[in-house]
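Single-letter residue listing:
Protein chains: 2
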Amino acid sequence: MTKPDPEAGPAGPETRKGRRGRPPKSEGPSGTSELILDVAEDLFSKHGLHGVSIRDVANEAGVDTALLHYYFGTKLGLFDAVFKRRAEILNAERLASLDAYALKAGDALTPEGVISAFLQPLVEWGEKGGPGWKHYFALISQANANPVWGGETMARYFDDVIRRLIELLRLALPGARDEDLYWAYHNLSGALTLTLGETGRLDRLSNGLCRSGDLRLAYANMARFAAAGFRALCARA
Amino acid sequence: MTKPDPEAGPAGPETRKGRRGRPPKSEGPSGTSELILDVAEDLFSKHGLHGVSIRDVANEAGVDTALLHYYFGTKLGLFDAVFKRRAEILNAERLASLDAYALKAGDALTPEGVISAFLQPLVEWGEKGGPGWKHYFALISQANANPVWGGETMARYFDDVIRRLIELLRLALPGARDEDLYWAYHNLSGALTLTLGETGRLDRLSNGLCRSGDLRLAYANMARFAAAGFRALCARA
DNA sequence: ACTTTAAATCATCGACCGCTGAATTAAACG
DNA sequence: CGTTTAATTCAGCGGTCGATGATTTAAAGT
Chain A
1 MTKPDPEAGP AGPETRKGRR GRPPKSEGPS GTSELILDVA EDLFSKHGLH GVSIRDVANE
61 AGVDTALLHY YFGTKLGLFD AVFKRRAEIL NAERLASLDA YALKAGDALT PEGVISAFLQ
121 PLVEWGEKGG PGWKHYFALI SQANANPVWG GETMARYFDD VIRRLIELLR LALPGARDED
181 LYWAYHNLSG ALTLTLGETG RLDRLSNGLC RSGDLRLAYA NMARFAAAGF RALCARA
Chain B
1 MTKPDPEAGP AGPETRKGRR GRPPKSEGPS GTSELILDVA EDLFSKHGLH GVSIRDVANE
61 AGVDTALLHY YFGTKLGLFD AVFKRRAEIL NAERLASLDA YALKAGDALT PEGVISAFLQ
121 PLVEWGEKGG PGWKHYFALI SQANANPVWG GETMARYFDD VIRRLIELLR LALPGARDED
181 LYWAYHNLSG ALTLTLGETG RLDRLSNGLC RSGDLRLAYA NMARFAAAGF RALCARA
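Those sequence lines, one after another, are chains A and B.
The numbering of the first sequence is our numbering, which starts it at 1 and goes up by one.
The numbering of the second sequence is our numbering, which starts it at 1 and goes up by one.
The hints are simulated quantities; they were obtained by calculation from the structure and are not laboratory data.
Hints are not guaranteed to be accurate.
Note that identical chains are pooled: a pair holds if it fits in a single copy or bridges any two copies.
[As the list claims (entries may be wrong)] Once the Cα atoms are required to be at most 25 Å apart in a straight line, the calculated BS3-like pairs of lysine-lysine come out as:
hint, residue 1, residue 2
1, K46, K104
2, K128, K84
3, K46, K25
4, K75, K46
Modelling step: build the complete structure from the supplied sequences, incorporating the hints.
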């Protein structure tokens, strides 16, 4: 993370550059703090917390480093803010999607249906949410692989939805032992994490036969794969 | 990564501390460069490349930072050396395990068998290889989630074994389309990555019902889960 | 109109970063 | 035994890091 980038374009309208003090009211689509979050999200998702300096973020966003401290306090505060921003939206939609499916399916819950409902908001945000959501997913993917702060962070933000998911899977797989349900979820979680990363690894390995950017296909295959896995793990004496 | 640790114990025999020059021949089990690699492996696996300074490694290993440059040149050179050290051992064993299974099974290859053979060396090293191997696995897990250098690194070190795995799975699932085989592998790879991390996430989520440290169980469940997934994905028109 | 507050830059501080050249000590080699 | 080479610490260089206090500008409140 060291890009000089000394003169990135004509620097916007009337080259207001280095001008100190509060800027005149602009009708821009979203505030400066959102812009900073977008940039930080992008960089953190690619290089991790320690791979990005606040100078990197400030330069890329075209603001002074002091402004990041003004809004977010510390570097860790910025990171947390990035993590939190979309978590709430995502969790609300995933819970709603699961509840809607449970209501619709009544007694006829299937593992495929539950898992698809769980994944659906990810597909939609990934496809229609713009690049910010893809960066966010990649960030989650990295957090899930981190043994130090990852576990705690993931638990804090996402355990509620996951418990609801497992609850519905328990209904869809009557007689399943809880232990097996959790182990099966562990495998699904790993597959999901890798998909969220969109690292392009599969594209290269398959010589272009599979495109990890095809989210709809990726998630459909994951639901089918995992549903079969759940059945196999949970249907034993 | 900032630990003071000003006086970690009595500093060994006769407190040879700050003593300059080549040390007298010691009958220690392995050389200083191996010790440095062990420490670096541990720290990198927990905090990532950018989360660890060469001073951190040097302090933890009880040597001067200049010694790391003497052995490994740059920080990246140290990281690569850590990555490479065990990759060769692991790959040789995984290929041998797959070949042995192919020979034994003849025409009666099963997905469970192939996947178990693929996973077996991981179980054994994880159980009997000491903490170094666990740190190494966690490092791989993080590399696999990294979108920048992870994909290239993983491909360089591990693609050979993976191609052999898919080849055998193709034989075990006659009629499967290559595209489906790759997508199924993608899901297995994700599950494996998460297991390798041993982040303790499942332990907490299941309130202690599942212990991610139980490698034998984790890998047995993964093989069963993934084999069913492969069948489900590959057995369609 | 005056005051207060919000939003921004500037200049800088002390700490830490990766890395290097010189010195030192002991082993290996002849 | 003398020379070369391997293994180590020391001292420090130039650069970057996260963070802060002072200052400036414009909006908001009264």
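The hints, checked one at a time:
no.: 1; hint: K46 with K104; verdict: neither (39 Å within a copy, 44 Å between copies)
no.: 2; hint: K128 with K84; verdict: within (20 Å within a copy, 40 Å between copies)
no.: 3; hint: K46 with K25; verdict: neither (33 Å within a copy, 45 Å between copies)
no.: 4; hint: K75 with K46; verdict: both (16 Å within a copy, 19 Å between copies)
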